[in-house]
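Enquirer: Chains A and B, in that order, are what the protein sequence lines are. Numbering follows our numbering, in which position 40 of the first sequence is assigned residue number 40; successive positions increment by one, without gaps. Numbering follows our numbering, in which position 10 of the second sequence is assigned residue number 1010; successive positions increment by one, without gaps.
Do not take every clue at face value.
As the list claims (entries may be wrong) - Covered stretches of chain B (in silico footprint by chain A; criterion: 3 or more residues with CB under 8 Å from a CB of chain A, positions within the stretch not fixed):
| id | stretch |
| --- | --- |
| 1 | 1127-1139 |
| 2 | 1439-1447 |
| 3 | 1458-1470 |
Note that these hints are calculated values from the structure, not bench results. Glycine included, C-beta positions come from ideal geometry on N, C-alpha and C.
So you can see what is in the structure, the chains are spelled out below.
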Amino acid sequence: MKKSSKVTRFNVWGYIFLIPFFVVFFIFQMIPLVKTIYYSFFERYEDGLIVVGPRFVGLENYATLFSNGDLPKYFANTMIMWVLGFVPQIIVSLLLAAWFSNPSLRLKGQRFFKTVIYLPNLIMASAFAMLFFAMFSDSGPINAMLMQMGILSTPYKYFTHTLSTRLIVALMNFLMWFGNTTILLLSGMLGISTDLFEAAEIDGATGTQIFFKITMPLLKPIFVYVLITSLIGGLQMFDVPQILTNGEGFPDRTSMTLIMYLNKHLFSKNYGMAGALSVILLIITGILSFAVFRMTAKDEVD
Amino acid sequence: MRKRTKQILALGVAAAMAFSMAACGSKTADTSDSGAKTDTEKKDDSSSTEEGKVLNIRVWNDEFMTRVVEQYPGYEKTSDTEGKIGDVTVKWSVEPNDDNNYQNKLDAALKAQDSAAADDKVDIFLVEADYALKYVNADANVAMKLSDLGISSSDLSSQYKYTQQVVSDENGDLRGSTWQICPAGLIYNRAIAKEVIGSDDPADVQAAVKDWDSYYALGKKMKEAGYLVQATPYDTYRVYSNNVSNPWVTDGKVTVDPSIKDWAEKAKAEVDDGECSQDTLWGTNEWNAGFYPATDTANIGKGVFCYFGPAWFFNFSMKGDDEKSIAAQGGWGFTAGPQGHFWGGTWICAAVGSDNPTLDADLIKTMTADKDVMTKIATTYSEAVNNSDVIKELAGSDSGNMKILGGQNPYAEFDAAASKINLSSLGIYDQGCNEEFQNAMKEYFAGNKSYDEALDIFGTAIHEKYPSVELAK
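Based on the sequences and whatever the hints tell you, model everything.
Expert: Following this line, the structure appears as structure tokens:
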């Protein structure tokens, strides 16, 4: 009797410690979320200093977003740049994690390399973007190097071509995030019991077989987590292309992401359109996460 | 022991969060406090006709502050951002201009003007030409009419007309005033002028660039001689956009003025012919390289012949502080160029709801209409002031000679250029239209898009920026 009352007493403390989180969550997340959805049904923007609206327009904002063709275009841009960056990122991360976690390789200086590959993530995305903008500019070091090596005769204008701009964005995202992914995957791999590896080795499995038959299936929960978080992060891609292209998404808005588009609406404080776009983004994120989650959850049952 | 540490840690975290919450809480408490203060002070106001004790001035840099501190009679500096005029405390609020920051902060303050405590009300704010009309708009009614402040047009009779057009509302009422003029002209490289035109005298150079046909003909000659006539296609944009015959927007429809379209076509021809680079204004490549004697790596051939800009441009933006630059060697000359235009300038507005109208009026009048103060500003800061009498005096004296221009006195050119500017077609959407149009044309110059396709990009961007306007088809 005495014991259980002590437990309840501790439980009360648990709730008390949770209060700050819920208060912060409610004020800074819940209220803005509900307001965003609410505003998405209104026409409301500022024309100079004069506020237009708010006027209830139903689903008109949504209709505009889909009818003028901008939304599918920017969604495609975002996904293309995400895939371009994510595919090399996951391959390199898996490889590195497999190497780091393989006890038979006995890699030296692991701590050093783990730190080094994580370092790009510590640089501010905006500073990183400025750096790449300077490096790939018409008379920047990349062009100078290629010209000196005789590969190019005139400077290549990277930011006037769709593919090169997207690739630079993808490269930056790859460099910034592969260290993070490696460490996540590594922790997943280290969580797999070494008994399994040893048993496989004794049975005569090759390194490739071990990787695909043991490591990958058991890594799945972490792998899915990485995939979903990266997908959500990818959908919200903003800072790198924003700074790199000065908010224009050049050339011809082919590197403009959904959030950059959202940001464009904030110039006129167009909360209606921006709200509608945010709600659509929320739904897309929800659907994608759910789909990926279901796909892998089903596999697990089998 | 371990458990204890954990508990303490958890408590610490919770306390930290609670503290940050409390910080938020106290802020709201503050505002409600000041709200209460308003009420009491309003009562004070009604009991006596005395004006406020604090003059709040909003600026984005220390340009105007320096001039007031050093030239306004009776100003007493107490700290970097505070001072005293008589028994009124002057508070300067400096908000950087970048990324609309100054306007965003100012807008928020003006919106809260009615409910702000008397000592917190905005009294004076500054605006730039690009967005002045947003604030002097009669419907918005945030800047006081000068006539309401007791400043008559005869007080400002020596000012240049264009400086008043910038801050006139739809009904023609003046709602601001400025002490400076920024008439811009063609700033040419003297060495190149000597080689290609045969003389570096402003009058001879002016003859070679007197209109656009002569200018583009000179561009071809420059190319043959191995020079770029201008660094980027955007250098000439301001000259064209200051000389439009129609406003950008009429009845919610955006139309491209023939003059602007002409710019796009002429600039495209220059790009295609290699008479200028594809860099942008303030760019770090070719545009910047033209300020220095040509080198092998610069991509500007043997050099850039000219830039377009006002006095602040050649004084502060052409790298005069770098001894390797052409400016440091006095290698530039100044002439009016093909068409009159201006670039920049700061206007002073008194905020509606200000509790210091008398002082506001005196400050505006002293800084922008008092001939003695303006002469002092002109000589102390070598600035072109908004007073034709002072400018004409300087044009005839040696104190107007400028080292950066190889000793040339540009004041006569300033006077001529400033009197020529006519801004009858200003509108509140100009800044966004000008920016987005140039952005869109980048694709056209690069050869990725046709003019019409680039125009569509402009249409999308402008409707995004200003939801109430659309590109006319």
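Enquirer: Please go over all the hints and tell whether each is borne out by the structure.
Expert: Structure-based check of all given hints:
Chain A is given as covering the stretch 1127-1139 of chain B, and this holds because 5 residues of the stretch bring a CB closer than 8 Å to a CB of that chain, at least three being needed. Coverage of the stretch 1439-1447 of chain B by chain A holds in this model, with 4 residues showing a Cβ closer than 8 Å to a Cβ of that chain against a need of three. Evaluation of the coverage hint for the stretch 1458-1470 of chain B: fulfilled, as 7 residues show C-beta separations to chain A shorter than 8 Å, against a requirement of three.
Going through the hint list in order, the structure satisfies each hint without exception.
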